[in-house]
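Trainee: Each chain, letter by letter, is given below.
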Amino acid sequence: MADDGENSVDNRATDDSKPEKMFTLKKWNAVAMWSWDVECDICAICRVQVMDSCLRCQAENKRDVLGRQDCVVVWGECNHSFHHCCMSLWVKQNNRCPLCQQEWSIQRMGK
Amino acid sequence: MSLKPKIVEFVDVWPRLRCVAEDVITLSKVERAVWNTSFSDVYTLCVAQPEPMADQLYNETKHFLESHVQEMLAKKVLAEHDATNANNTSSRPDLLQRYYTTWVEYSQGIKYLHQLYIYLNQQHIKKQKITDTESFYGNLSSDAADQMEIGELGLDIWRLYMVEYLAQELVRHILEGIAADRDSNGTLDSHRVKVINGVIHSFVEVQDYKKTGSLKLYQELFEQPMLEASGTYYTNEANKLLQRCSVSQYMQEVIKILEFESKRAQKFLHVSSLPKLRKMCEWKFINDRLGFIYSECRDMVSDERRQDLRNMYIVLKPIPDNLKAELIQTFLEHIKNEGLETVYALKGENIHIAFVENMLKVHHKYQELIADVFENDSLFLSALDKACASVINRRPSERQPCRSAEYVAKYCDTLLKKSKTCEAEIDQKLTNNITIFKYIEDKDVYQKFYSRLLAKRLIHEQSQSMDAEEGMINRLKQACGYEFTNKLHRMFTDISVSTDLNNKFNNHLKDNDIDLGINLSIKVLQAGAWPLGSTQVIPFAVPQEFEKSIKMFEDYYHNLFSGRKLTWLHHMCHGELKLSHLKKSYIVTMQTYQMAIILLFETCDTLSCREIQNTLQLNDETYQKHMQPMIESKLLNASSENLSGDTRIELNMDYTNKRTKFKISSALQKETPQEVEHTINSVDEDRKLFLQAAIVRIMKARKVLKHNALIQEVLSLSKVSFTPNIAMIKKCVESLIDKQYIERTANSGDEYSYMA
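Residue numbers (the UniProt record's numbering), protein chains in the order written: chain E, 1 to 111; chain Y, 1 to 756.
Just so you know, not all the hints are guaranteed correct.
[As the list claims (entries may be wrong)] The calculated lysine-lysine pairs, modelled on PhoX-like cross-linking and capped at a C-alpha distance of 25 Å, are:
id, chain 1, residue 1, chain 2, residue 2
1, E, K26, Y, K548
2, E, K21, Y, K548
3, E, K27, Y, K504
4, Y, K75, E, K26
5, Y, K276, Y, K263
These are calculated hints, taken from the structure and not from any lab test.
Produce the complete structure using the sequences and hints provided.
Mentor: Here is the structure:
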């Protein structure tokens, strides 16, 4: 809690210089939730939520120790999104987006 | 001497040989030279010219042995028998003694004779001997037509002329001897024991050469009557004991008798009889008297009379499992009653602690008792398991759900929350807790509660130690598998990733010389892993005081990760606000919404509820929930008790508090009954989904399946996390038929097939 002490000293210094405010935010413990920025939250290839690992990864029980980087989402130029694992298998057979039949090229990868 | 076959007259050689044979068989002294001559006589006769005289030799020898044995019977065994009858029995050797002495001599003698006839045995007899396999199929009887080796022949003759003749007498005497040993508590003098033992074993030895059925004579002649006699004796003894003993004493006596009898059996009998006699003894003393033994079982168990129970266990151990059922059932009931007693009277706040700890006490106590008294017998351990499971999974009534899963999860929560208990103790308690956890049938309910409590601990930073948290998750993983703890793991990982992220973010701010003016700590949770109830975002106009922080962090986050979007869960945020409008300045911990409300008063003294709500765009429920505690804490004053739209709210300028740092308790952190109910309902939903998925998977693999077989497979799949009731499975089957995943087959009403 040494940090707190320092902060409050700092604040007092600024408080003195400025006209004192009645209320000052000292500390904020915020909670946020992240999800993939996708239009459809289910992967059309494996029918699993993109937030979860794809079916194949779940079956193999891959331990996602480091924030599950092994089963990320991939967006095509068409803006459709899938599990990267699912898509890399798909393109081996057919290099088109399974939803819109456009030529598949990766726009960005989830990280 | 020459080995060359020569012409001999049988009558020239035989008388000489016969004399020597007689000396040999009576164990008289035979000179080596004489022995050698006789040895070659046998040879000479066997290879005699022009015709070998082996058969003749064999027959003569057989006659000789027959008459020898008969003579021994008459002169040595029987003759004195008459004499002893006339005289005092105790001073003279009796029948057993005489038989034994004769047998010892003869059995030794015949071995030597066998040696003497070795040429005949090996060259002449072996040739015509039937092979092992042939002897297996039929030729078991020692037919006179077949020639035997001399040793065997001798024994067979002994059996024929001696044993068969004396059998009844001998057996009668032996049984008398054994009875005498029983009466004297096993103090029969050792010589006598040796004689009886020798006689008994002679019945075996006399048939020893036989490849099969060598015990047949012993069994028919002796063992059968012996077992019968012992059985009668045991029955009488048991009757006598019943007259004078309590159950407890009876068992003690029986244990002693069993021990003595098995020693006695070793002393006298052939090894093959030991288990048979033992069985007989057990049968007469235990199996036949089960009613009596069990008559006090209930009391012994309920008073936990360890010595008696121990004896009862020893006594009952050898008998078949189904006969022990009564003791085990009684034991099980006893544990169950004690468990129910300690657990179902519980009331009050800390019911979950008492529940787990009382149950553990019961479990521990009986585990120890089983180790001490019942030798950790698996039958008793499984009775303990059954009893515990039935106590723990008992529903108070048909309608009410079983709350054990909730209690056990809350118990873990209590342990893992910050407290003064030392870590080692917590660790121990958590390990113990798993014992109880394993009995829970509704593991999915436990998981629901546990994950919600874990979420609360992690978000509100109430955990005693992250190591302990991780340890517990690992224990659960061990007990129920990866699937069960997957989400718990992800929650746990989110928190450690967030800590890391905060450090990096703060360094980033420092590097860029940005001062947000507040101490910011942000947890980023991944969607889907956290049991946050409805994830729909409550509308909220974020005060500009927060905006900079939020923007800085979002920029930073999006820079670090791509493709992610952040949603702020303001209802879970809290912070510290410094109040400087009063005489003293205070630092107050409160929810974000509450901070937002107070911040509105920076620029004005009084606001109506409607104004506040509109500015912050809070819905009624959220507003009420957060406003009430602020009024209660007296930081704000309201013009009316009931907060309606027109109620005026103003700062309480006279507020004082002894403490300069305090917290406005929020309604959110307490578990409401609705929440519990919600948890339980959501479990039901999850179960339906699980069952449907399971049914589809099974049917996809099997294509066609009978109703009962399907139910069994579903049960075995769901066993890890819960025990579904059959009605629920049926409902799921129905709904899958409606959804056309499966259909009833045309030919049978209780069969389903998978529809692709």
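Trainee: Each hint: holds or not?
Mentor: Quick rundown of the hints versus the structure:
1. Pair hint K26/E plus K548/Y holds up; C-alpha atoms about 14 Å apart against a cutoff of 25 Å.
2. For the given pair, K21/E sits about 18 Å from K548/Y by alpha-carbon distance, which is consistent with the 25 Å threshold.
3. Among the hinted pairs, K27/E with K504/Y is consistent with the structure: their alpha-carbon atoms are about 18 Å apart, no more than 25 Å.
4. For a cut-off of 25 Å, the pair hint linking K75/Y to K26/E is broken: about 123 Å separates their Cα positions.
5. With a C-alpha separation of about 14 Å, the suggested pair K276/Y and K263/Y falls inside the 25 Å cut-off, and the hint holds.
Hint violations for this structure: number 4 only, all remaining hints satisfied.
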